[in-house]
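Q: Residues per chain are reported as follows:
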Amino acid sequence: MSPQLPVPVRPPNPRVERAWYVLCTSRELGRRPLARQLYGVPLVLFRGAGGAAAALVDRCPHRNVPLSEGVVEGELLRCPYHGWRFDAAGRCKAIPGLAGEPDRAAHAALAHDVREQQGYVWVWGRAGEPGEGEPFRFRHADDPQYTVVRRKVSADASVHLVAENALDVPHTAFLHGGLFRSDADRKPIRCVVTREADRVACEYVGEARPSGLVGRLLSPSGGEVVHFDRFYLPSIVEVEYRIGAENHILVDAALTPVDDDRTDLYAVVALKSRIPGWLVRPLVTPVALRIFAQDQAILRKQVGTIQRFGGARFVSTEIDLVGPHILKLLLRAASGAPSPEQPSVREGTLLV
Amino acid sequence: MSPQLPVPVRPPNPRVERAWYVLCTSRELGRRPLARQLYGVPLVLFRGAGGAAAALVDRCPHRNVPLSEGVVEGELLRCPYHGWRFDAAGRCKAIPGLAGEPDRAAHAALAHDVREQQGYVWVWGRAGEPGEGEPFRFRHADDPQYTVVRRKVSADASVHLVAENALDVPHTAFLHGGLFRSDADRKPIRCVVTREADRVACEYVGEARPSGLVGRLLSPSGGEVVHFDRFYLPSIVEVEYRIGAENHILVDAALTPVDDDRTDLYAVVALKSRIPGWLVRPLVTPVALRIFAQDQAILRKQVGTIQRFGGARFVSTEIDLVGPHILKLLLRAASGAPSPEQPSVREGTLLV
Amino acid sequence: MSPQLPVPVRPPNPRVERAWYVLCTSRELGRRPLARQLYGVPLVLFRGAGGAAAALVDRCPHRNVPLSEGVVEGELLRCPYHGWRFDAAGRCKAIPGLAGEPDRAAHAALAHDVREQQGYVWVWGRAGEPGEGEPFRFRHADDPQYTVVRRKVSADASVHLVAENALDVPHTAFLHGGLFRSDADRKPIRCVVTREADRVACEYVGEARPSGLVGRLLSPSGGEVVHFDRFYLPSIVEVEYRIGAENHILVDAALTPVDDDRTDLYAVVALKSRIPGWLVRPLVTPVALRIFAQDQAILRKQVGTIQRFGGARFVSTEIDLVGPHILKLLLRAASGAPSPEQPSVREGTLLV
Chain A
842 MSPQLPVPVR PPNPRVERAW YVLCTSRELG RRPLARQLYG VPLVLFRGAG GAAAALVDRC
902 PHRNVPLSEG VVEGELLRCP YHGWRFDAAG RCKAIPGLAG EPDRAAHAAL AHDVREQQGY
962 VWVWGRAGEP GEGEPFRFRH ADDPQYTVVR RKVSADASVH LVAENALDVP HTAFLHGGLF
1022 RSDADRKPIR CVVTREADRV ACEYVGEARP SGLVGRLLSP SGGEVVHFDR FYLPSIVEVE
1082 YRIGAENHIL VDAALTPVDD DRTDLYAVVA LKSRIPGWLV RPLVTPVALR IFAQDQAILR
1142 KQVGTIQRFG GARFVSTEID LVGPHILKLL LRAASGAPSP EQPSVREGTL LV
Chain B
842 MSPQLPVPVR PPNPRVERAW YVLCTSRELG RRPLARQLYG VPLVLFRGAG GAAAALVDRC
902 PHRNVPLSEG VVEGELLRCP YHGWRFDAAG RCKAIPGLAG EPDRAAHAAL AHDVREQQGY
962 VWVWGRAGEP GEGEPFRFRH ADDPQYTVVR RKVSADASVH LVAENALDVP HTAFLHGGLF
1022 RSDADRKPIR CVVTREADRV ACEYVGEARP SGLVGRLLSP SGGEVVHFDR FYLPSIVEVE
1082 YRIGAENHIL VDAALTPVDD DRTDLYAVVA LKSRIPGWLV RPLVTPVALR IFAQDQAILR
1142 KQVGTIQRFG GARFVSTEID LVGPHILKLL LRAASGAPSP EQPSVREGTL LV
Chain C
842 MSPQLPVPVR PPNPRVERAW YVLCTSRELG RRPLARQLYG VPLVLFRGAG GAAAALVDRC
902 PHRNVPLSEG VVEGELLRCP YHGWRFDAAG RCKAIPGLAG EPDRAAHAAL AHDVREQQGY
962 VWVWGRAGEP GEGEPFRFRH ADDPQYTVVR RKVSADASVH LVAENALDVP HTAFLHGGLF
1022 RSDADRKPIR CVVTREADRV ACEYVGEARP SGLVGRLLSP SGGEVVHFDR FYLPSIVEVE
1082 YRIGAENHIL VDAALTPVDD DRTDLYAVVA LKSRIPGWLV RPLVTPVALR IFAQDQAILR
1142 KQVGTIQRFG GARFVSTEID LVGPHILKLL LRAASGAPSP EQPSVREGTL LV
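So the sequence lines, in the order shown, correspond to chains A, B and C. Using the working numbering, the first residue of the first sequence is number 842, and each one after it goes up by one. Using the working numbering, the first residue of the second sequence is number 842, and each one after it goes up by one. Using the working numbering, the first residue of the third sequence is number 842, and each one after it goes up by one.
Extracted from the complex, chain A is given alone in its bound form (with noise of 0.2 Å):
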């Protein structure tokens, strides 16, 4: 990777179907159907046998009517349109009017396989095949010492767009001026950039603790700050700060791609400090609401002039120390491609 050479316009986003992703969270799917979409795609979501969710292209396979605007029979999903009941896995269970047997495998709905754990759906993005591995589980998320935020936001960009940002430290003097860091006395840290397989991580060496609210809030009383941006395929950002022995604070969000230039975020954010939970929670709630808010309307300029412009067109410097490596953990997943390598270490300066 030669960083300062400009890199042509690219093809749509890469597309990794062979993964888990958040659909929703178990709060959200009742005794409704759910419509969700997943690469452009339409799903389904809904519970069948003793509440297990469930989740089938949402198409009728009979006459293309979304099966999301049915309801829930029994264990049985209903098409709106002319009653076919399918169940989990997709097979059509009833075709009124029809005397013969409904249970074809002409008349059944793809399905997707479905894990819930830790409060969120997850779905495998292919259909008609057997999720491989374990979806991803949030540390701390269900840890009693911690307090514990979950939130879910969405942004108009595509995954690597959204987790570039979420991991890029050199926005934030600008795009969050005040809130986090500041452009003034820079001073230079080591950056430590490892990437392996399926992640890609970057330590921060000699950061002092954050000047701006943000920090301060973290910790009055400064510390040492160990500090690293984490980004694990297909698609979790992880933001990792311990300022000084007592304060642990980590920031994991599942990302969804809902279409090309649509991403949700469910995210958790878990907590340990000297400061009560009761105090720290309406402290740093709307700080981080703040600056994902900002975050939001720059990735939508973004996405945008991109747009316009007919595609990408980026040009890197040694200090887009994580977005780079996304990119790459992500073509290389789309394509398909074996990922033998070793892991790379690579360090870098940053002035912050």
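It is worth saying that the hints were derived from the structure and are not from the lab. Some hints could be false.
One copy or two, it doesn't matter: identical chains are merged, so the pair holds either way.
Here are the simulated DSS-like pairs of lysine-lysine, each with C-alpha atoms no more than 30 Å apart in a straight line [stated by the list, open to error]:
(1) K1113 to K1028
(2) K1169 to K934
(3) K934 to K1028
(4) K993 to K1028
(5) K1142 to K934
Predicted model, so just to flag it, every value in this text is computed and none were measured.
Given the structure of chain A, go ahead and fit chains B and C onto it with the hints provided.
A: This is chains B and C only, laid out in the frame that chain A set:
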């Protein structure tokens, strides 16, 4: 036709151009030009010499302004930009400012053949050629023994999908549950489908009086039911019921392909019953409009799904009695292939 | 050119890139960057060193955010995402956080050449090359003997269609009926069309004073009329009237192709008359705006029809005196072909 095999994704809707279509009612066409579309092509209708209805392609040959934005002056339609004037045949009769002869072939607007009958203006679907045959005649539309209701409605779907919906029995128990039929206590009836070169008809033998509100309105005392659903090329749907000796209901609709996903329906309901017309009309009309609103909604969802998936992929069963035949008739008519075939007759069973 | 033959459907509008276009007035460009478009390409204008106007392609080379959303700091334009700073030539002068040199070719934004004169900011249509020649100068724009009115208006049509409309006489009797000319009592006049390598002009010989409101305002007492309509490549339209010895009206407009179907017009009306300026201005302005509103409306309808039919198909007659020449000039300039031809002169007759 193997009804259990999925039909592959189809190209856009078949276009049957060499046919008559209703473009407006006689009452809609007054002193002002009227803008309409047929298969997505803008047309302008106006009344020329002696009040005769005329139809031109809605584009001035000079600078491509829509003629429908102009005015009718005497027998001529005048363009609003430079004032060129056209007669019912599209001939250019005046070019203001030009010293020479305006009436040249290059200055002519394209004209469509027109017939006006039974209160409707029918237009031949291809410009520049004489229409063949005569437009469809609505039975009993002018019969004083019948109560006749005329309605124009629109649906956001192709002629094929609208016609299939109009002539499909199995969906009525679900989509129109309670109004028509119900999903309980089904009994088998025999269905006889007859396809000829330009039409398909289905007779339902042994049907009980529809159990819902519509049936009770039509025939409070019950009686033997004779029920036919028919489709005539290019786009006429017909539902006929006789219940007992005294009740006859005939619903015809001429379908106009406004564009690939919009259809206008010019419907004529003719009804003979013991109940007097002044009583039937206010009872039947709101029920019919309710049924049609439900059909409009499901068609919109169906078309939305087809568009999101980039094409239709239908699977049919033996109780899709009429729809697949409609598509076959439309595809053959659109291709211009001859239709030498003998009538085919097929029987099936439907639980109603 | 055989004016009676229909021109076949044309590809999108010709793009003449190697030319000067007005992108804004001098007053519009203040301390904040200004977003504009030229042939659909987003540009950002700002004032750099010494207040000199500058124009860059409106896309940060780093992550493709629009620079027009940033701010001007000193002589530099700063991107709102990561704070990269660019000078008027597009050179990157700062990359916050980067220890190395920011000013590399790969980090530069694309710049357009700029001239500012007579209160307008002119931009060369192709990035990365010096502009050739000088922008058009408006005659009498700064002449104290003239009453001068400047207006910016927009039309939803290409430069070709707007220019043809502006210089077309025959439509005035219809579209602007009563304001300008009328359709009654027409008399023939002689028209002399002269086309040169970069322009076309039409002189109307023997024209009576325009009979409508505009004519009466300009010259209450009548007098001999001298009338020229002119087009200069790439996009200047000019209408000149002299009525008697004392009245001179010169309407110039520089047309800017915002995109294929949008044109901005920077108009300068210069008027010398016995009537004092303070009296002429409030009389002429509302009439001119009324005329322009009618032209905007008809252009919008024309473009709508062209889009619905998938392209333009024009037929011209001998009284389409200027429009076909404008199209020929634009097509040749867009193709980059040399224009060695001798001036051509042609005469015709127009009934006015």
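Q: Does each hint fit the structure? Answer for all of them.
A: Against the structure, the hints:
1. K1113 to K1028: within (28 Å within a copy, 67 Å between copies)
2. K1169 to K934: between (44 Å within a copy, 29 Å between copies)
3. K934 to K1028: between (67 Å within a copy, 19 Å between copies)
4. K993 to K1028: Close neither inside one copy (35 Å) nor across copies (50 Å); limit 30 Å.
5. K1142 to K934: Between copies only: 23 Å across, 48 Å inside.
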